[in-house]
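Engineer: Chains A and B supply the protein sequences, listed in that same order. Numbering of the first sequence is given in the working numbering, commencing with residue 657 and proceeding in unit increments. Numbering of the second sequence is given in the working numbering, commencing with residue 657 and proceeding in unit increments.
Keep in mind the hints are simulated off the structure, nothing from the lab. By construction, the Cβ of each residue, glycine as well, lies at the ideal position given by its N, Cα and C atoms. Treat each hint with caution, since some may be false.
Among chain A residues calculated to face chain B with C-beta under 10 Å, some are [claimed, not checked]: (1) 671; (2) 748; (3) 764; (4) 767; (5) 778; (6) 779; (7) 828; (8) 840; (9) 842; (10) 847; (11) 849.
Number of protein chains: 2
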Amino acid sequence: MPRTRIHNFSISLDGFATGEPQSLEAPFGHAGQRLHQWMFATRFWDPSGSAGVDDAFAQQFAVGIGAEIMGSNKFGPPGWQDDESWTGWWGEDPPFHTPVFVLTHRPRPALTMGGGTTFHFIEASPSEALSAAQEAADGLDVRVGGGPTVVRDFLAAGLVDHLHLVQVPILLGRGVRLWDGLEGVEESFDVESVASPSGVVHLTFTRRTD
Amino acid sequence: MPRTRIHNFSISLDGFATGEPQSLEAPFGHAGQRLHQWMFATRFWDPSGSAGVDDAFAQQFAVGIGAEIMGSNKFGPPGWQDDESWTGWWGEDPPFHTPVFVLTHRPRPALTMGGGTTFHFIEASPSEALSAAQEAADGLDVRVGGGPTVVRDFLAAGLVDHLHLVQVPILLGRGVRLWDGLEGVEESFDVESVASPSGVVHLTFTRRTD
Ligand SMILES: NC(=O)c1ccc[n+]([C@@H]2O[C@H](COP(=O)([O-])OP(=O)(O)OC[C@H]3O[C@@H](n4cnc5c(N)ncnc54)[C@H](OP(=O)(O)O)[C@@H]3O)[C@@H](O)[C@H]2O)c1
Ligand SMILES: NC(=O)c1ccc[n+]([C@@H]2O[C@H](COP(=O)([O-])OP(=O)(O)OC[C@H]3O[C@@H](n4cnc5c(N)ncnc54)[C@H](OP(=O)(O)O)[C@@H]3O)[C@@H](O)[C@H]2O)c1
Numbered sequence: 657m658p659r660t661r662i663h664n665f666s667i668s669l670d671g672f673a674t675g676e677p678q679s680l681e682a683p684f685g686h687a688g689q690r691l692h693q694w695m696f697a698t699r700f701w702d703p704s705g706s707a708g709v710d711d712a713f714a715q716q717f718a719v720g721i722g723a724e725i726m727g728s729n730k731f732g733p734p735g736w737q738d739d740e741s742w743t744g745w746w747g748e749d750p751p752f753h754t755p756v757f758v759l760t761h762r763p764r765p766a767l768t769m770g771g772g773t774t775f776h777f778i779e780a781s782p783s784e785a786l787s788a789a790q791e792a793a794d795g796l797d798v799r800v801g802g803g804p805t806v807v808r809d810f811l812a813a814g815l816v817d818h819l820h821l822v823q824v825p826i827l828l829g830r831g832v833r834l835w836d837g838l839e840g841v842e843e844s845f846d847v848e849s850v851a852s853p854s855g856v857v858h859l860t861f862t863r864r865t866d
Numbered sequence: 657m658p659r660t661r662i663h664n665f666s667i668s669l670d671g672f673a674t675g676e677p678q679s680l681e682a683p684f685g686h687a688g689q690r691l692h693q694w695m696f697a698t699r700f701w702d703p704s705g706s707a708g709v710d711d712a713f714a715q716q717f718a719v720g721i722g723a724e725i726m727g728s729n730k731f732g733p734p735g736w737q738d739d740e741s742w743t744g745w746w747g748e749d750p751p752f753h754t755p756v757f758v759l760t761h762r763p764r765p766a767l768t769m770g771g772g773t774t775f776h777f778i779e780a781s782p783s784e785a786l787s788a789a790q791e792a793a794d795g796l797d798v799r800v801g802g803g804p805t806v807v808r809d810f811l812a813a814g815l816v817d818h819l820h821l822v823q824v825p826i827l828l829g830r831g832v833r834l835w836d837g838l839e840g841v842e843e844s845f846d847v848e849s850v851a852s853p854s855g856v857v858h859l860t861f862t863r864r865t866d
């Protein structure tokens with residue numbers, strides 16, 4: 657059975673997955689790059705980077721993935737919907753290399769980029785979006801790419817099979833929280849924690865099969 | 657120099673240090689005993705318990721401590737101030753064995769219990785309370801014992817030298833949060849994380865001396 661997976665999703669110790677305000681100049685607001693510095697230091701990101709536990713987790717990002725689902729605020733800064741020339745943050749060759757389904761209340765025609773990435777803009781419930789992505793993934797897994805609002809919605813709907821979180825030891829104080837409204841969600845998962853020498857903690861939630 | 661320390665302070669993955677509502681029957685509300693099960697399983701709590709990393713951390717609780725400061729809601733359930741016979745949750749021989757300063761807006765006369773514990777009820781700012789506790793501690797360290805409101809106030813006032821947190825992989829969803837209003841507080845500390853085989857993660861914040 658294909659799985660629905662989340663990878664390299666980084667949160668602060670106080671549970672924020674982005675700072676504020678989100679803008680063209682600062683996609684993560686006052687968080688800057690602090691939530692992903694652990695990843696920039698790995699081989700996954702930089703050939704001269706580290707090859708330890710952070711890298712092992714980071715590399716899972718693309719393995720066996722056939723489509724991604726992302727939220728509107730991950731695709732662009734506030735107001736991107738009014739800019740017909742906006743094609744995402746990632747330039748000509750986005751790092752997805754699969755169909756990507758962008759959830760938005762203001763859909764537009766699909767956008768084909770280099771390297772196998774096509775953005776489809778859809779207004780759909782989480783389970784409808786997952787069906788569309790699973791069909792496009794053709795037997796491979798679907799990644800839910802964020803941001804926190806979309807991850808939270810998919811967790812609340814019980815649609816996630818595997819969640820890899822990276823807890824960074826900073827206190828952002830404000831931004832968008834991952835955990836709101838998810839009381840008891842851990843009961844459906846086996847949870848494992850690993851502290852990395854880099855200072856982050858990797859948490860994996862694997863859906864129970866019993 | 658004596659230090660101000662916090663030990664065995666347990667929070668859920670979403671940052672709650674207690675559930676709700678707090679009551680005589682359920683001091684931690686809907687959290688029940690889930691935040692401290694890791695501790696009940698150690699030798700610190702139970703002679704037949706484990707003696708690994710959880711126990712090593714737990715045992716630091718009393719080492720070199722000469723006084724404790726706690727909040728009113730740790731001392732008793734809502735309304736304890738109206739009950740003259742309330743002497744705390746801990747019976748005749750509380751586990752503190754030092755003077756304990758209970759912060760409350762409704763002070764009452766001091767209460768001497770067995771085993772060296774005396775409860776002093778004071779209305780004071782965090783730094784005033786710390787001065788009183790340091791004097792009583794006679795050169796030893798002062799422990800800030802919780803709850804989350806008091807821990808947060810002491811962190812915000814920059815009065816904490818050592819903070820040991822235990823992150824339990826459950827999502828409480830509601831209760832009293834530890835982290836509100838503490839943006840950037842980690843900048844004054846070296847932060848270390850250790851995952852325990854029991855499933856919890858120990859986080860230590862040690863005040864930077866530079
Ligand atoms: N920490 C990490 O690892 C990580 C990972 C990915 C992204 N991020 C960051 O997270 C931030 C974005 O997260 P976010 O929580 O603000 O937003 P988001 O989850 O990216 O997007 C939420 C938006 O998507 C649209 N949407 C969601 N569900 C929909 C549905 N069922 N139907 C139609 N539209 C739907 C809505 O936008 P409209 O109403 O405008 O259409 C909604 O406001 C960015 O800063 C990004 O960089 C962080
Ligand atoms: N997770 C853990 O490891 C841990 C550790 C300890 C306790 N707890 C739990 O935490 C809960 C209590 O925490 P909480 O955040 O609700 O309350 P708390 O921190 O124990 O107490 C807060 C109360 O103390 C009094 N207070 C605080 N500062 C004061 C000051 N400067 N001057 C005078 N009074 C002051 C006020 O009460 P009044 O206005 O009523 O006087 C205030 O409402 C309990 O459920 C307890 O079991 C958890």
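Engineer: Which of the numbered hints are not met once you compare them with the structure shown?
Structural biologist: 2, 3, 4, 5 and 6
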